[in-house]
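Undergrad: Okay, here's what each chain looks like letter by letter:
There are 4 protein chains.
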Amino acid sequence: MTDLQQVLDEIALDAAMAADRGVVAQYIPELAKVDPRQFGIAVALPDGQVVCAGDAETAFSIQSVSKVFTLSMALGKYGDSLWSRVGREPSGDPFNSIVQLEQEKGRPRNPFINAGAIAIADLVLSGHQPREAIGEIVRFIRHLADDDSIRIDERVARSETEHGDRNASLAHFMRSFGRFSHQVDHVLGVYFHQCAIAMTCHQLARAGLFLASQGQNPLTGTQVVPPQRARRINAIMLMCGHYDGSGEFAYRVGLPGKSGVGGGILAIAPGKASIAVWSPGLDTVGNSKLGTAALEQLAKRMEWSVFGA
Amino acid sequence: MTDLQQVLDEIALDAAMAADRGVVAQYIPELAKVDPRQFGIAVALPDGQVVCAGDAETAFSIQSVSKVFTLSMALGKYGDSLWSRVGREPSGDPFNSIVQLEQEKGRPRNPFINAGAIAIADLVLSGHQPREAIGEIVRFIRHLADDDSIRIDERVARSETEHGDRNASLAHFMRSFGRFSHQVDHVLGVYFHQCAIAMTCHQLARAGLFLASQGQNPLTGTQVVPPQRARRINAIMLMCGHYDGSGEFAYRVGLPGKSGVGGGILAIAPGKASIAVWSPGLDTVGNSKLGTAALEQLAKRMEWSVFGA
Amino acid sequence: MTDLQQVLDEIALDAAMAADRGVVAQYIPELAKVDPRQFGIAVALPDGQVVCAGDAETAFSIQSVSKVFTLSMALGKYGDSLWSRVGREPSGDPFNSIVQLEQEKGRPRNPFINAGAIAIADLVLSGHQPREAIGEIVRFIRHLADDDSIRIDERVARSETEHGDRNASLAHFMRSFGRFSHQVDHVLGVYFHQCAIAMTCHQLARAGLFLASQGQNPLTGTQVVPPQRARRINAIMLMCGHYDGSGEFAYRVGLPGKSGVGGGILAIAPGKASIAVWSPGLDTVGNSKLGTAALEQLAKRMEWSVFGA
Amino acid sequence: MTDLQQVLDEIALDAAMAADRGVVAQYIPELAKVDPRQFGIAVALPDGQVVCAGDAETAFSIQSVSKVFTLSMALGKYGDSLWSRVGREPSGDPFNSIVQLEQEKGRPRNPFINAGAIAIADLVLSGHQPREAIGEIVRFIRHLADDDSIRIDERVARSETEHGDRNASLAHFMRSFGRFSHQVDHVLGVYFHQCAIAMTCHQLARAGLFLASQGQNPLTGTQVVPPQRARRINAIMLMCGHYDGSGEFAYRVGLPGKSGVGGGILAIAPGKASIAVWSPGLDTVGNSKLGTAALEQLAKRMEWSVFGA
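Protein chains in written order, with my numbering: chain W, 1 to 309; chain F, 1 to 309; chain R, 1 to 309; chain C, 1 to 309.
Bear in mind the hints are in silico, worked out from the structure with no lab data behind them. Heads up, a few of these hints could be off.
It does not matter which identical chain is meant; a pair holds if it fits inside one copy or across any two.
Unchecked claim - Simulated crosslink set (SDA-like; lysine to any residue; CA at most 25 Å straight-line):
id, residue 1, residue 2
1, Lys77, Gln228
2, Lys77, Phe140
3, Lys105, Tyr27
4, Lys300, Gln49
5, Lys105, Ala32
6, Lys300, Gln223
7, Lys300, Asp80
8, Lys272, Glu296
Produce the complete structure using the sequences and hints provided.
TA: Here you go:
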């Protein structure tokens with residue numbers, strides 16, 4: 001894999017020298033503190049090998065990237081009946097908009113906008129205490145990455161809770177349509193903790209590998225989801241994974257991907273690789289600026305775009 | 001290719017026996033007259049071979065499928081400067097909505113909603129008379145399909161013009177933001193005629209082949225667009241090609257595709273095939289009901305989904 | 001006042017015989033229980049005299065009519081600086097819509113939609129405990145009506161709290177724009193209790209008299225607000241007092257008025273009368289059906305419309 | 001009437017010295033040319049007397065003030081059946097917005113936003129040629145003002161037509177819902193010409209007098225509309241006469257009024273006066289800046305507010 005290693009090294013070098021690195025998320029103090037000069041990338045291959053460059057062993061807050069894992073969990077529990085609670089169309093609106101939620105009677109457009117992920121958190125709870133549901137999510141991700149050291153950053157979780165009015169508003173709003181099974185504070189407890197999970201690029205690339213390998217995790221041999229479900233999660237990632245910049249990401253990178261405001265992106269080249277990239281500075285839509293540029297370069301040089309070599 | 005032929009025959013047989021065929025488009029009388037029992041499918045392969053089943057030699061009104069060809073033409077003329085006039089994000093709204101157009105100062109979300117295609121028609125005109133621009137579009141499509149018998153259905157074109165108030169509204173609206181170079185009636189003249197082009201599945205599958213072959217038309221040997229542009233057009237087709245059902249199409253079929261209210265769909269399996277399917281009955285979002293089901297089956301059986309085998 | 005008495009008696013008779021009485025508000029169980037056959041009307045005149053008909057001595061939940069009194073209180077505390085927190089334009093949207101609140105960065109259109117009244121409750125709190133602020137509101141209304149028997153219906157207050165997700169959503173939403181000084185549960189505590197105040201038509205007509213008398217309460221001799229402020233509150237009542245039915249109310253009745261989902265309406269004929277009417281059945285917009293009809297008849301027969309005798 | 005004359009003289013003097021005069025409408029060249037230093041005011045009293053100050057004899061383009069007259073005409077022709085075509089609620093949106101028109105299936109919110117006035121123009125046409133309908137409107141206004149010298153400014157009418165894309169968009173949009181009886185260009189011909197009528201403050205105050213006098217024109221003795229209809233037109237003027245600044249106008253001035261982008265305002269003090277004021281500079285919402293200030297002063301000093309002396 002010397003070739004891939006060399007590509008990643010060059011990408012990391014470009015990132016290190018980038019002048020415009022975007023702006024670190026300001027909406028919670030714990031994220032605003034992160035040093036914007038960091039950049040890491042890791043590529044996990046179907047044989048289990050992981051190739052890294054830059055700060056690939058530094059843990060960061062995965063934030064909305066966690067939505068891929070909770071969606072996978074909830075689909076395992078509820079199957080296709082899940083889609084009565086959340087749609088699978090791109091939203092065409094800033095990620096925290098309430099407008100469409102009102103038009104569509106409290107049913108979020110897709111599981112990757114905040115409202116949709118909160119609805120998924122309500123499903124993941126399924127009658128348990130928040131503590132148990134959070135534990136289940138962490139265990140699921142540890143199992144996927146085959147790494148028991150993955151943890152929640154409690155300071156981030158507290159910071160999310162303290163500045164969570166917009167998400168509380170979304171949750172109460174959906175609840176007012178009778179769409180919630182649990183108390184708002186329990187659901188938000190789950191949601192804020194899943195967003196506060198800290199992972200390295202190395203860990204994240206491994207955790208996403210099942211989506212590049214027909215639903216099977218080559219690290220553990222587990223069939224995490226059936227092949228068709230893996231394809232479908234990839235489809236939703238491509239359509240909805242970058243908020244109102246999803247079209248731009250598909251156009252430039254050409255891979256299913258999910259971004260988080262912590263600056264991480266998980267991208268999938270089906271059959272070829274699971275890629276995690278991280279750089280804290282965001283573009284105007286809220287996606288990692290250097291992370292997107294790195295994926296664009298990587299997909300082009302490796303000819304990994306799903307839209308044609 | 002016996003295998004593919006057999007798959008297509010089975011798909012055509014399923015379609016012939018389908019009970020719920022959707023509803024034929026009512027908004028112009030010429031389309032409302034079409035017999036809903038028809039179904040055709042054609043698959044063009046990179047070596048130029050075409051495999052067909054059902055009514056694959058019956059001409060139908062391609063309607064919005066034409067937007068793929070005018071976008072390709074306009075990108076050839078204007079390159080990336082085209083994107084100052086139209087975006088490339090999914091719209092998250094019914095195809096004829098004016099709401100987002102107002103919020104975004106007359107710049108349509110993407111080239112495949114009506115407003116976007118009308119803006120592209122304004123670019124295609126580029127100072128010429130409507131007659132010349134229409135001629136250029138028809139010649140381009142004939143060249144792509146390597147078939148000079150492709151024609152405009154003048155009755156459909158007239159019917160579009162007579163019932164074109166919604167599109168006239170969109171055009172005047174964009175013009176009020178100073179975004180138009182030509183008279184509204186000239187631009188609409190081009191737009192209504194491109195929509196009224198009649199093609200068979202056989203012809204349409206051939207015309208789309210360059211998008212499955214890195215921009216090169218294997219029938220004529222012409223490099224229609226550079227490889228990167230072919231990938232990008234595919235990306236836009238996947239993100240925006242089925243109006244507010246684009247997410248659903250990506251989820252079920254997993255291929256870039258563009259539908260028309262005439263019941264046709266052009267879908268691209270990059271590196272593998274260009275597929276045209278046609279059945280006049282539409283689902284609630286305005287996409288061919290049996291056409292979508294056929295593509296879902298085909299992609300599954302041939303393992304053509306871009307999201308993983 | 002025999003003439004007015006006779007008019008009221010005839011109006012009450014018409015109401016008693018009405019076939020279509022509208023639908024009692026369903027959104028909280030305590031309101032849904034109210035008997036729809038009730039109707040009361042009371043007219044307080046500038047000399048302090050009150051003329052009544054029907055169930056004018058039956059207490060009902062004043063709900064949003066309370067917004068007139070908290071606006072008057074908050075204007076007393078903050079003066080015109082209050083308008084930086086809330087606008088004074090009609091909303092053109094259902095009363096619980098969040099759409100405009102998002103477009104206008106968390107500043108409600110006017111103090112009479114729910115979001116606006118919640119913002120006013122935040123102002124009324126002004127650093128105190130909810131208990132104190134609620135006490136202050138009740139004392140203010142008792143003083144206006146010169147009647148110490150006015151009380152909060154605690155079962156209604158509890159019911160509001162239990163079904164208050166939509167309002168909690170609005171409050172968290174505004175708070176996310178940094179527009180709130182207090183905790184959401186404290187603000188909602190005030191808001192839900194002010195809505196749960198129970199009054200009779202007799203009491204309510206007296207409490208509104210200052211708005212018909214240049215800001216002075218003839219019952220107590222107190223100048224409640226300056227004359228200009230009374231005019232302005234009347235203006236806001238006319239423009240915004242009936243949600244998205246305000247235009248209809250101005251057209252039919254021609255008086256400033258404020259309705260509540262409990263079926264009460266307070267209307268002001270400047271210089272002439274303060275009118276309270278109550279009937280629990282609502283029209284589709286959420287205003288008392290028979291109450292509006294009664295006011296239309298009264299304004300016509302007494303020639304009280306502000307738009308010309 | 002020395003008192004009123006003195007008040008008007010002082011108001012005119014204040015206006016002459018005003019530093020911030022707003023900005024002259026730019027959307028059509030003919031209006032952009034008007035000298036912003038002009039100011040005129042005229043008050044017509046129920047006895048037929050007219051008191052003036054400033055440039056009260058200079059003709060200006062009445063623009064949207066004309067909507068009051070075409071509404072009165074159309075109500076005469078169609079009575080209350082007119083309300084199936086147009087609503088009577090404030091719009092809560094900029095005057096040229098298409099958003100609400102889409103939500104409400106092509107039925108404009110009220111007759112004073114552009115879409116509503118265009119729908120009224122369609123009604124006024126009632127099967128005739130545009131020329132005849134325009135002639136009828138001019139004759140109606142001449143009769144109201146008892147002045148045959150009132151004319152259309154043809155340069156303004158042409159300028160409107162040349163820059164009428166937004167209105168053409170609205171018209172085609174409504175027509176696409178099947179709500180139009182005539183060709184779009186005929187309806188717009190009527191609309192653009194009614195807006196281009198030129199009147200002086202003196203003429204305009206006289207023309208509005210029937211709305212201050214229970215529907216009767218004291219100049220000619222004609223009952224223009226029944227008393228109830230005059231009240232209702234006044235109600236719509238108050239609720240909707242100043243676009244998204246209607247609440248502000250009611251709050252500050254307290255009179256029914258209708259503004260135009262030419263800088264004119266017609267205001268009605270029921271039973272007391274018909275007032276025309278004109279100054280070309282507009283505020284951010286599109287209403288005459290000095291005109292509104294003048295009316296605020298006049299209503300206050302004469303105690304003409306409908307919301308209490």
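Undergrad: State for each hint whether it applies.
TA: Structure-based check of each hint:
no. : hint            : verdict
1   : Lys77 x Gln228  : within (16 Å within a copy, 40 Å between copies)
2   : Lys77 x Phe140  : within (13 Å within a copy, 51 Å between copies)
3   : Lys105 x Tyr27  : between (27 Å within a copy, 16 Å between copies)
4   : Lys300 x Gln49  : within (21 Å within a copy, 29 Å between copies)
5   : Lys105 x Ala32  : between (34 Å within a copy, 22 Å between copies)
6   : Lys300 x Gln223 : between (30 Å within a copy, 20 Å between copies)
7   : Lys300 x Asp80  : between (35 Å within a copy, 18 Å between copies)
8   : Lys272 x Glu296 : both (16 Å within a copy, 23 Å between copies)
Of the numbered hints stated above, none is contradicted by the structure.
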